[in-house]
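Asker: Here are the chains, one letter per residue:
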Amino acid sequence: MNADKQLDAKGLACPMPIVRTKQAIDELAPGQILEVQATDKGARNDLSAWANSTGHKLLESREENGILTFWIQKK
Amino acid sequence: MGNKVAIIAANGGMFDAYKVFNIATAAAASDAEVGIFFTFEGLNLIHQKALRQLPMPAGTEHFADGFAKANVPPIPELVNMARELGVKIIACQMTMDVMGLKLEDLIEGTEVGGAASFIDFAKDANISLSF
Numbered sequence: 405m406n407a408d409k410q411l412d413a414k415g416l417a418c419p420m421p422i423v424r425t426k427q428a429i430d431e432l433a434p435g436q437i438l439e440v441q442a443t444d445k446g447a448r449n450d451l452s453a454w455a456n457s458t459g460h461k462l463l464e465s466r467e468e469n470g471i472l473t474f475w476i477q478k479k
Numbered sequence: 059m060g061n062k063v064a065i066i067a068a069n070g071g072m073f074d075a076y077k078v079f080n081i082a083t084a085a086a087a088s089d090a091e092v093g094i095f096f097t098f099e100g101l102n103l104i105h106q107k108a109l110r111q112l113p114m115p116a117g118t119e120h121f122a123d124g125f126a127k128a129n130v131p132p133i134p135e136l137v138n139m140a141r142e143l144g145v146k147i148i149a150c151q152m153t154m155d156v157m158g159l160k161l162e163d164l165i166e167g168t169e170v171g172g173a174a175s176f177i178d179f180a181k182d183a184n185i186s187l188s189f
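Chains as they are written, first to last, in the numbering used here: chain D, 405 to 479; chain X, 59 to 189.
Since the hints were made in silico from the structure, they are not lab data. Incorrect hints may have been included.
Here are a few chain D residues that sit away from chain X, every Cβ distance over 10 Å (derived from the structure) [said to hold, decoys possible]: (1) Met405; (2) Asp408; (3) Lys409; (4) Glu431; (5) Pro434; (6) Gln436; (7) Glu464; (8) Asn469; (9) Gln477; (10) Lys478.
Below, simulated SDA-like cross-link-like pairs (lysine to any residue); rule was C-alpha separation at most 20 Å, straight line [unchecked claim]: (11) Lys77(X) - Ala108(X); (12) Lys445(D) - Ala126(X); (13) Lys62(X) - Asp450(D); (14) Lys127(X) - Pro113(X); (15) Lys414(D) - Pro132(X); (16) Lys478(D) - Glu431(D); (17) Lys426(D) - Asn80(X); (18) Lys127(X) - Ile471(D); (19) Lys409(D) - Ala433(D); (20) Lys77(X) - Ala417(D); (21) Lys479(D) - Asn456(D); (22) Lys127(X) - Asp412(D); (23) Lys414(D) - Glu464(D); (24) Lys414(D) - Glu135(X); (25) Lys445(D) - Cys418(D); (26) Lys478(D) - Asp412(D); (27) Lys414(D) - Ser452(D); (28) Lys426(D) - Glu142(X); (29) Lys414(D) - Asn129(X).
Glycine included, every Cβ here is placed at the ideal spot set by N, Cα and C.
Sequences and hints are given; from them, build the entire structure.
Answerer: Written out as structure tokens, the structure reads:
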């Protein structure tokens, strides 16, 4: 999936993946897509919950070799 | 509709700091309006010097390795993050007087208020927490 911006949140522990995602999405325009990579196991549920709270759309998530990747579209 | 989160921080250890600032930053990053009322030992968490050396509960010193391994952010970083995300920091005037603290001892951006200030902030909060 083509992303307009990438965020490397690998190695960060809660709550930093969420905080960095918020900061990154603030820099995008509505409709643009942010790709987030994280290794915090809690991020899988947290990113989804965060999207639910904020109204941004979690388009897809994937796990490969312990790395979680999320694509989020700004509302 | 956005969430509004009202938090009371009344304890001054390192674990207390993580509980308060993790929830506060996660809420603020989720577009909630967040305010924290720091009272009694909770004032340690926003005291410029004390927040850099908050004690771990007795008998839990062995968790220090776990904190390092888990790459948990240091408290000063979380405090700055909370401020950058617009978390409202209210210090309890009465306990500041009891503990001999001045506004300049506390982190920048701290507002001083009494119980009524917190109640006014919390009256329409849909999430209220006490640590």
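Asker: Each hint needs a verdict: does it hold in this structure or not?
Answerer: Hint by hint, here is what the structure shows:
For methionine 405(D), the non-interface assignment is confirmed: its Cβ lies about 23 Å from the closest Cβ of chain X, beyond the 10 Å cut-off. Residue placement check: aspartate 408(D) keeps its beta carbon more than 10 Å from all beta carbons of chain X (closest about 20 Å). For lysine 409(D), the requirement that its beta carbon stay farther than 10 Å from each beta carbon of chain X is met, with the minimum near 17 Å. For glutamate 431(D), the condition that its CB be more than 10 Å from all CB atoms of chain X holds, with the nearest at approximately 14 Å.
The beta carbon of proline 434(D) is kept farther than 10 Å from every beta carbon of chain X, the shortest such distance being approximately 15 Å. Even its closest Cβ contact with chain X, about 17 Å, leaves glutamine 436(D) beyond 10 Å, as expected for a residue assigned away from the interface. Against the 10 Å criterion, glutamate 464(D) stays outside the reach of chain X, whose nearest CB is about 20 Å from its own CB. Residue-level check passed: asparagine 469(D) sits 18 Å from the nearest beta carbon of chain X, beyond 10 Å.
With a minimum CB-CB distance of about 16 Å to chain X, glutamine 477(D) clears the 10 Å threshold, and the non-interface call stands. At roughly 12 Å, the least C-beta separation between lysine 478(D) and chain X is larger than 10 Å, which holds for a residue marked as non-interface. Annotation: proposed proximity of lysine 77(X) to alanine 108(X) holds, straight-line Cα distance about 17 Å (limit 20 Å). Of the supplied pair hints, the one linking lysine 445(D) and alanine 126(X) holds, its CA atoms being roughly 17 Å apart against a limit of 20 Å.
This hinted pair checks out: lysine 62(X) and aspartate 450(D) have alpha carbons roughly 19 Å apart, not beyond 20 Å. The straight-line distance between the Cα atoms of lysine 127(X) and proline 113(X) is roughly 19 Å, inside the 20 Å bound, and the hint therefore holds. With a C-alpha separation of about 17 Å, the suggested pair lysine 414(D) and proline 132(X) falls inside the 20 Å cut-off, and the hint holds. A distance of roughly 10 Å separates the Cα atoms of lysine 478(D) and glutamate 431(D); the hinted pair therefore holds under the 20 Å criterion.
The straight-line distance between the Cα atoms of lysine 426(D) and asparagine 80(X) is roughly 14 Å, inside the 20 Å bound, and the hint therefore holds. Restraint check for lysine 127(X) and isoleucine 471(D): the C-alpha separation of about 17 Å stays at or below 20 Å, so the hint holds. Distance check on the hinted pair: lysine 409(D) and alanine 433(D) sit about 11 Å apart at the alpha-carbon level, within 20 Å; holds. Proposed proximity of lysine 77(X) and alanine 417(D) is supported: the alpha carbons are some 14 Å apart, at most 20 Å.
A distance of roughly 11 Å separates the Cα atoms of lysine 479(D) and asparagine 456(D); the hinted pair therefore holds under the 20 Å criterion. Annotation: proposed proximity of lysine 127(X) to aspartate 412(D) holds, straight-line Cα distance about 19 Å (limit 20 Å). Between the alpha carbons of lysine 414(D) and glutamate 464(D) the distance comes to roughly 18 Å, so the proposed pair stays at or under 20 Å and holds. About 17 Å separates the Cα atoms of lysine 414(D) and glutamate 135(X), which keeps this hinted pair within 20 Å; it holds.
Only pairs whose Cα atoms come within 20 Å are accepted, and lysine 445(D) paired with cysteine 418(D) is accepted, the gap being roughly 9 Å. Taking the CA atoms of lysine 478(D) and aspartate 412(D), the gap is about 17 Å. The hint holds against a cut of 20 Å. For the hint pairing lysine 414(D) with serine 452(D), the CA-to-CA distance comes to about 17 Å; that is within 20 Å, so the pair holds. With a C-alpha separation of about 12 Å, the suggested pairing of lysine 426(D) with glutamate 142(X) holds against the 20 Å cut-off.
At roughly 10 Å between alpha-carbon atoms, lysine 414(D) and asparagine 129(X) fall within 20 Å of each other, so this suggested pair holds.
Going through the hint list in order, the structure satisfies each hint without exception.
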